[in-house]
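Protein sequences appear in the order of chains A and B. Position one of the first sequence corresponds to residue 1 (this note's numbering), numbered consecutively onward. Position one of the second sequence corresponds to residue 1 (this note's numbering), numbered consecutively onward.
Honestly, the hints are just simulated from the structure, not real lab data. All clues stand as given, with none of them false.
With a cut-off of at most 25 Å between alpha-carbon atoms, the simulated SDA-like pairs for lysine to any residue come out as follows:
#1 B:LYS298 <-> B:LEU157
#2 A:LYS319 <-> A:PRO239
#3 B:LYS298 <-> A:GLU122
#4 A:LYS174 <-> B:LEU157
To list a few chain B residues with every Cβ distance to chain A over 12 Å, as calculated:
#5 VAL70
#6 ASP151
#7 GLU159
#8 GLU174
#9 ARG182
#10 VAL197
#11 TYR247
Pair ranges (Cβ atoms, derived):
#12 A:THR68 <-> B:ALA160: 17 to 25 Å
#13 B:PRO179 <-> A:THR211: 58 to 66 Å
#14 A:THR68 <-> B:ARG259: 19 to 27 Å
#15 B:GLY226 <-> A:ILE156: 48 to 56 Å
#16 B:ASP216 <-> A:LYS174: 30 to 38 Å
Quick reminder that beta carbons are idealized off the backbone N, C-alpha and C, glycines included.
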Amino acid sequence: MSRTEEGVPGEPRARAAAGSPRLRLSRGLAAVRLAARGGARYAGSAPRLFIAAGEHRQRLRNDLALQTAEDVAATLGTMKGVLMKIGQMASYVDDGLAPPVRRTLSRLQDSVPPMSAELAAEVIRGEFGAAPEEVFGTWDPEPIAAASIGQVHRAITRDGRAVAVKVQYPGIAKTIEADLGNVALLRSLLRVAAPNQDVNALIDELRERITEELDYEREAVNQRMFADYYDGHPTIGVPRIVDELSTARVVTSDLVTGARFAELLDWPQTEKDLAAETMYRFTFRSLYEAHAFNGDPHPGNYLFHRGGRVTFLDFGLVKYFTPDELQPLVHMVRYLCVDEDPEAFRRAMEEADFLTPGAPLPTEQIVEHMALFYDTVRTPGPRTMTQGYASAVARRYFDFRNPLAAYARIPRSYVILQRINLGMFALLGELGATGNWRAIAEEIWPFVQAPPSTAMGEAEAAWLARRPARS
Amino acid sequence: MTADVYPAAGGLVERAAAAFVSSVPEVPADDGYFGPASVTWRLNGDLSAPLAGLRSLLVQALHPLAMAGVDQHSDWRADPAGRLASTAAYLATITYGDRATAQRAAARVRKIHERVRGVDPVTGQGYAAGDPDLLLWVHAALVESVLASADLFGGPLSEADKDRYVAEMTAAAELVGIPPGRAPSTIAELDDYLSAVRPVLALSPAAAESTRYLLDLPWLDEEMGGLWRDVGDAAVAALPEWAARLYGLVPREPVTEQRRAEVRQLLGVLDVLYLGEPGVLEARQRLELRMRQARRGKA
Numbered sequence: 001m002s003r004t005e006e007g008v009p010g011e012p013r014a015r016a017a018a019g020s021p022r023l024r025l026s027r028g029l030a031a032v033r034l035a036a037r038g039g040a041r042y043a044g045s046a047p048r049l050f051i052a053a054g055e056h057r058q059r060l061r062n063d064l065a066l067q068t069a070e071d072v073a074a075t076l077g078t079m080k081g082v083l084m085k086i087g088q089m090a091s092y093v094d095d096g097l098a099p100p101v102r103r104t105l106s107r108l109q110d111s112v113p114p115m116s117a118e119l120a121a122e123v124i125r126g127e128f129g130a131a132p133e134e135v136f137g138t139w140d141p142e143p144i145a146a147a148s149i150g151q152v153h154r155a156i157t158r159d160g161r162a163v164a165v166k167v168q169y170p171g172i173a174k175t176i177e178a179d180l181g182n183v184a185l186l187r188s189l190l191r192v193a194a195p196n197q198d199v200n201a202l203i204d205e206l207r208e209r210i211t212e213e214l215d216y217e218r219e220a221v222n223q224r225m226f227a228d229y230y231d232g233h234p235t236i237g238v239p240r241i242v243d244e245l246s247t248a249r250v251v252t253s254d255l256v257t258g259a260r261f262a263e264l265l266d267w268p269q270t271e272k273d274l275a276a277e278t279m280y281r282f283t284f285r286s287l288y289e290a291h292a293f294n295g296d297p298h299p300g301n302y303l304f305h306r307g308g309r310v311t312f313l314d315f316g317l318v319k320y321f322t323p324d325e326l327q328p329l330v331h332m333v334r335y336l337c338v339d340e341d342p343e344a345f346r347r348a349m350e351e352a353d354f355l356t357p358g359a360p361l362p363t364e365q366i367v368e369h370m371a372l373f374y375d376t377v378r379t380p381g382p383r384t385m386t387q388g389y390a391s392a393v394a395r396r397y398f399d400f401r402n403p404l405a406a407y408a409r410i411p412r413s414y415v416i417l418q419r420i421n422l423g424m425f426a427l428l429g430e431l432g433a434t435g436n437w438r439a440i441a442e443e444i445w446p447f448v449q450a451p452p453s454t455a456m457g458e459a460e461a462a463w464l465a466r467r468p469a470r471s
Numbered sequence: 001m002t003a004d005v006y007p008a009a010g011g012l013v014e015r016a017a018a019a020f021v022s023s024v025p026e027v028p029a030d031d032g033y034f035g036p037a038s039v040t041w042r043l044n045g046d047l048s049a050p051l052a053g054l055r056s057l058l059v060q061a062l063h064p065l066a067m068a069g070v071d072q073h074s075d076w077r078a079d080p081a082g083r084l085a086s087t088a089a090y091l092a093t094i095t096y097g098d099r100a101t102a103q104r105a106a107a108r109v110r111k112i113h114e115r116v117r118g119v120d121p122v123t124g125q126g127y128a129a130g131d132p133d134l135l136l137w138v139h140a141a142l143v144e145s146v147l148a149s150a151d152l153f154g155g156p157l158s159e160a161d162k163d164r165y166v167a168e169m170t171a172a173a174e175l176v177g178i179p180p181g182r183a184p185s186t187i188a189e190l191d192d193y194l195s196a197v198r199p200v201l202a203l204s205p206a207a208a209e210s211t212r213y214l215l216d217l218p219w220l221d222e223e224m225g226g227l228w229r230d231v232g233d234a235a236v237a238a239l240p241e242w243a244a245r246l247y248g249l250v251p252r253e254p255v256t257e258q259r260r261a262e263v264r265q266l267l268g269v270l271d272v273l274y275l276g277e278p279g280v281l282e283a284r285q286r287l288e289l290r291m292r293q294a295r296r297g298k299a
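Work out the full structure, taking the sequences as your base and the hints as a guide.
Right, here's the structure in full:
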């Protein structure tokens with residue numbers, strides 16, 4: 001759909017924003033936008049790397065490591081941790097950041113060194129009352145990865161289990177909580193960063209998300225649920241949590257090694273296609289069957305193995321849907337893609353509160369606008385995901401000039417779902433993955449439950465058959 | 001004052017950052033006049049540093065002769081951001097640069113001062129920027145501002161560290177041309193000096209107008225302007241009572257814990273902007289490595 005300057009009747013939000021000087025991408029707005037993308041790599045596929053090369057870089061990391069809780073506060077306090085998190089949120093929803101903004105973001109993230117071995121050990125001691133070498137049989141003091149507001153160490157438990165131990169920066173929860181309390185500053189920063197959004201809702205979302213991420217106990221609960229659900233799955237792996245070695249600040253799970261997303265990009269296309277199929281199945285089976293959605297489709301949160309097996313990491317941000325919340329989504333996809341009943345689709349949108357009832361727009365225009373989001377499943381046959389498609393989806397989503405924008409909204413409980421479009425499709429697009437997504441979706445859609453359409457589907461069906469009935 | 005006098009000028013953060021980066025040597029010949037174990041290095045990199053700079057300009061402007069020198073000779077109205085950046089660059093160079101670089105920078109400043117002479121229209125007195133009395137005022141106002149700002153809004157600072165800072169900074173005083181022995185070398189001496197000089201201080205029209213401008217920087221865009229005005233409020237809150245009174249400001253409420261946290265959050269946002277400029281992170285890492293090395297050496 002083309003953008004027309006005059007075609008914005010009755011669109012108060014967009015017009016007010018366009019007339020406001022705040023819409024200018026000024027240098028000042030870097031203050032918030034700076035953080036956008038910051039988080040994108042922050043959850044990190046590799047230990048954070050400093051601006052140096054090779055061995056020198058490793059030495060620098062050690063020499064600059066955070067040594068005390070005061071170092072942590074100086075590095076991530078005074079709004080810096082919060083700005084990084086704003087960036088992490090924005091990285092999924094902001095298409096086309098100006099280069100200076102992107103630079104500022106990545107700088108902020110580069111500025112956070114890992115904890116020193118001593119400091120990480122102190123956190124373990126604080127949580128378990130003993131040194132890491134005593135709590136675990138073997139402890140690797142060198143972190144293997146940066147995590148959200150923490151870092152990951154390898155260890156071997158006393159009974160010989162190889163584990164990954166995520167250790168939270170000490171004092172970070174209190175520091176970030178205090179910074180989140182400065183609503184006035186947050187409001188003015190967000191007004192700059194997101195002129196089209198409801199700033200109060202954004203602040204609520206931000207607080208909620210960050211509070212969730214700070215609570216490693218909650219993450220362990222989520223991960224346990226996913227690990228149980230996918231137990232024995234042929235291609236989906238979720239590392240098991242080690243309960244007795246997990247607390248609010250430390251979460252221990254089975255250690256899994258595998259290729260990172262960047263490495264997968266160099267694998268043969270058939271491997272990429274299989275990995276994409278697994279990611280796709282994971283996302284929609286979790287949503288339609290487990291009624292849960294892992295909202296952090298960040299490239300650092302996957303490990304890839306040959307033959308399409310994917311290990312899913314990091315369950316800090318999981319949204320659970322009630323049947324009532326899920327039902328309208330099911331109806332929408334059904335009426336649009338299977339029944340091909342535009343009026344029913346429109347009613348489903350209205351019932352879900354996505355669309356103002358009685359909006360003075362023809363249904364075909366609504367369908368035309370929304371269809372892009374369903375493009376990969378509207379028609380059968382193989383389709384190749386492209387980066388072009390992923391960014392078209394993101395652009396459409398943020399097209400506030402579209403006449404529909406005045407009548408459309410995303411109810412808060414569905415906000416996280418947009419990360420399917422904006423996050424997962426971006427990854428599949430980067431893989432250039434080809435698949436018969438419609439056929440795969442039909443296997444999973446509760447109102448179709450079609451027979452397997454691929455070899456992976458066969459294996460999954462066998463897994464479903466041998467699995468004990470879900471409670 | 002009209003907009004024509006102050007042409008739109010921007011890039012304060014960018015230029016201050018570039019000045020800082022170029023002042024931190026990659027391969028220093030020596031540790032300079034302060035060194036990585038000094039309190040001066042620590043305070044210069046403190047979150048409160050931009051606020052200290054602003055507060056120090058507010059205090060310095062209260063000496064009519066110092067103000068007249070700036071008002072009649074400096075090009076700062078034509079390029080305010082550039083002027084602020086070059087002051088920041090000078091301080092960073094004498095702090096972090098090696099001795100030879102610091103001496104060259106100081107020689108340049110002394111040379112500029114030679115040409116700055118005139119008559120103050122308010123008091124009718126003649127002045128010369130190279131006059132040790134005026135240099136001493138500017139120096140003392142800076143030192144006291146750094147300490148007051150760090151005390152209120154910066155990291156923890158012991159009484160012994162404060163004395164050490166005043167003593168260390170006598171090196172800066174001598175570089176700019178204050179005869180050895182004249183600059184205060186303890187907090188007590190600094191306080192005595194400031195009490196003695198107070199009768200001379202006054203708010204001249206030039207000072208009133210310039211500082212009003214400084215606290216507003218109308219050429220900043222809306223978002224940066226808002227942040228800057230908040231920093232200005234904090235700088236005013238950090239002023240000594242006598243200075244606030246000369247500016248005609250009501251005595252401030254004491255800074256509460258909550259207010260302190262808010263100001264630090266604001267300074268943190270500014271710091272992120274600064275950190276986003278090319279080279280700033282690397283320069284800071286170079287300094288941090290040397291400071292850590294110095295701490296290890298001492299331990």
